[in-house]
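*Asks:* Okay, here's what each chain looks like letter by letter:
4 protein chains.
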Amino acid sequence: MQIKRPFFVFNPKSYLYGEELLRMAKRADELAGQYPECTVLVTTPFADIANIANNTSHIIVTAQHLDGITPGRGIGHVLPESIYYAGARATFLNHAEKPMALADLAQAMKRAQELGIKTIVCADSVAEAQAIAMLKADVILCEPTELIGTGQTSDQSYIEQTNAAIKAVDPNILTMQAAGIASAEDVYRTIKLGADGTGCTSGITNADSPIQMLEDMIVALNQAYQEEK
Amino acid sequence: MQIKRPFFVFNPKSYLYGEELLRMAKRADELAGQYPECTVLVTTPFADIANIANNTSHIIVTAQHLDGITPGRGIGHVLPESIYYAGARATFLNHAEKPMALADLAQAMKRAQELGIKTIVCADSVAEAQAIAMLKADVILCEPTELIGTGQTSDQSYIEQTNAAIKAVDPNILTMQAAGIASAEDVYRTIKLGADGTGCTSGITNADSPIQMLEDMIVALNQAYQEEK
Amino acid sequence: MQIKRPFFVFNPKSYLYGEELLRMAKRADELAGQYPECTVLVTTPFADIANIANNTSHIIVTAQHLDGITPGRGIGHVLPESIYYAGARATFLNHAEKPMALADLAQAMKRAQELGIKTIVCADSVAEAQAIAMLKADVILCEPTELIGTGQTSDQSYIEQTNAAIKAVDPNILTMQAAGIASAEDVYRTIKLGADGTGCTSGITNADSPIQMLEDMIVALNQAYQEEK
Amino acid sequence: MQIKRPFFVFNPKSYLYGEELLRMAKRADELAGQYPECTVLVTTPFADIANIANNTSHIIVTAQHLDGITPGRGIGHVLPESIYYAGARATFLNHAEKPMALADLAQAMKRAQELGIKTIVCADSVAEAQAIAMLKADVILCEPTELIGTGQTSDQSYIEQTNAAIKAVDPNILTMQAAGIASAEDVYRTIKLGADGTGCTSGITNADSPIQMLEDMIVALNQAYQEEK
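Chains as they are written, first to last, in the numbering used here: chain E, 1 to 229; chain R, 1 to 229; chain X, 1 to 229; chain H, 1 to 229.
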């Protein structure tokens, strides 16, 4: 499964699990089927991966993290083979809520690449984004830590600057901008400003109708993309 | 589900996942059904919990770790509700390969207790075991870190001393001794020396016949227990 | 050097270093000389320990942390022998801003005890305080994490409860209560409520006259103690 | 103080402190005065920085680590201002024994640059070295983790490859190769192979005469450099 421009990550973090997560993931799956030019990813807690993967076919089931270990010791760590077997085909890495040592990040990215798990690696500054680009991420999420969960989106200059900085190191890396995305409007504007993809957590989970917000955002993603073709 | 004396933990760490883990877990499940006075626990990677839980009924499916978070943010952490939903009813905590800050350990134990997830908390000295006993663990694993994976078992004096020290703080806490368990003999002797339970990782996964070794160990566990009744 | 009831810890964390820290430490030293029944401790950044120790004689120079390592490898960690040589005779451990794995905490306490460095170990709940008491701390700081830096002090019931819980495990351990201490009043009341000692960070460093506030607090400490004799 | 080709880092880690460290640092200082074209750096535990800096004038006193904090809270962390005040003018960062999260590393490098503290940042693969080069380190230490302390040096191909990879990203960054340096021969060969600098820990501290070994290594460093002029 490839991640392509434009993509959308529904990232409910630890807000959702079990039945409620499944219900949202199924709707995301329908939308992904409906808009085949859009790549839709849904993150899940580790123990929910199998349940989500077994009940969907168009979304990329995405882990919240993995550790760069190989089968063996390593109790309490996230074995890449285990999440792949359960159905994960992408993973977040180095989120501000789960920062990784540089060496661990490099090792985790290597193991993910070996298994065909796409990496969405987080950076909170342009310099970090460029450092991560050197390690061959599939997607780099450029999220100024200070904006996470604030409802404020990154401004045009930040988006353009990080986009250019990442593509300068490696034009094949996709860029994701997701700080403060709270409406379909935000999704539309972020893609228009040049991000390859975007995503949302509490903007969806806290919406009056999370299902409706999810749909509106994916529709907006598709619209921004159709206009540029 | 209760953990009672005598218990056995098959802890394949990250050595096994997917089909191979499932095959072993099913055999453990049959044995647990066959020896109902013995509690059998099987640890699994997070993403394998659901698969193992859905295909077994006598074992206690055990997570390798959980984090003391509540539903909300916390990407990359192990949400207790998610592993409970998937079928985990016990968890390791503070293993030498996944050490926890004291405050995080206390918080994880609290969350596990709220959900009815039994805690198997690791200590590598008598003083630490007593500190953990203060936090009301269900099981304390007294494993001198320097013996993990060496094939050397704890000696009689260590086992008796830790047993007594833990029961002195809280007689309801079960004690587990598992350093260097590599044969059915080791299992038998450890229970005879007074441990409430024991367990094994590489002694099983590296055995000529892991399935046979698993069976031999549970038989030995049961035998030691029957002799003391 | 012994820590005795009543004691006061001036803990400027990383607010002060160099000349300004030295000036405050010298004043604390004079006050410690003036009130010999009160033990006065001053914490310093690691690299300031020698400068403070070389210029004072009545205070206990206190490190902010140490690691349970022995001379050898361990680059970037805090070698106990190095801080002892520089003049530290006490150390904080497991502060909420520098949480320690339980095994690391136990090892650090052991190394401190070997060198004659007193340990002030932080807990943020009664259960944790009791766990730490099992490890033989010299002082336990019972600071509910949620109150740090808020200007709210722990209430009477919390102070009495933690005091009793710790003394129940080990009556030789001194208790420190320092949440939200912002005035001489707070110091006086905290000792009256039964804490063996207290301390202050921003209540002093942010005061109109930090020197005056330091003096007022130590005077209040002494007064509370004199009244109970 | 500038770090220039060729440079030598005497990095006694936590093997030395107090009097013995001072004795070695003084000898390093004499040698640095004697070979002014060679930059000599000596790392010290945090609490020894002031003592070493006050008693030397030609070496660059080097911290083992610093944290990217500003004066304020942060108890137990290494305040850059404190080590600068004590006399440190360079620091190691991200050593395999003290790995840093990428965001913390970036922040620490920024704070070091603000104060004029040179950064020696460790990488254990070519990809990591390039990632770090993006963050504008002053020196990158390319040390395959698996060789640390083994007495095996990096081979010619590794040295040339990392050198080229780093200079390709930023030709102003100095490269350091120090894996397994155990003799003056090793120092000579490493500089000849193109490293800008090298260094040594146990090869000196465990030598029959550490002082003599230190001298031999600096002489060899100078000789390799003179031959290339």
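Hints listed in this document are in silico derivations from the structure and should not be mistaken for laboratory results.
These numbers were taken from a predicted model, which means no experiment stands behind them.
Beta carbons are placed, not taken as given, at the ideal position from N, Cα and C, and that holds for glycine.
Any given hint could be a false lead.
Said to hold, decoys possible - Stretch-level coverage of chain H by chain X, calculated; a stretch enters the list once three of its residues show a Cβ under 8 Å from a Cβ in chain X:
1) 62-69
2) 90-100
3) 208-222
*Asks:* Now tell me if each hint is right for this structure.
*Replies:* Results of checking the hints against the structure:
Coverage of a stretch by a chain is defined here by at least three residues with a beta carbon nearer than 8 Å to that chain's beta carbons; for the segment 62-69 of chain H and chain X the count is 4, and the condition holds. For the segment 90-100 of chain H, the stated coverage by chain X holds: 4 residues have a C-beta nearer than 8 Å to a C-beta of that chain, and at least 3 were required. A count of 0 residues in the segment 208-222 of chain H with a Cβ less than 8 Å from any Cβ of chain X is obtained; the coverage claim is therefore unmet, three being the minimum.
Hint 3 alone, counting from the list given before, is not met by this structure.
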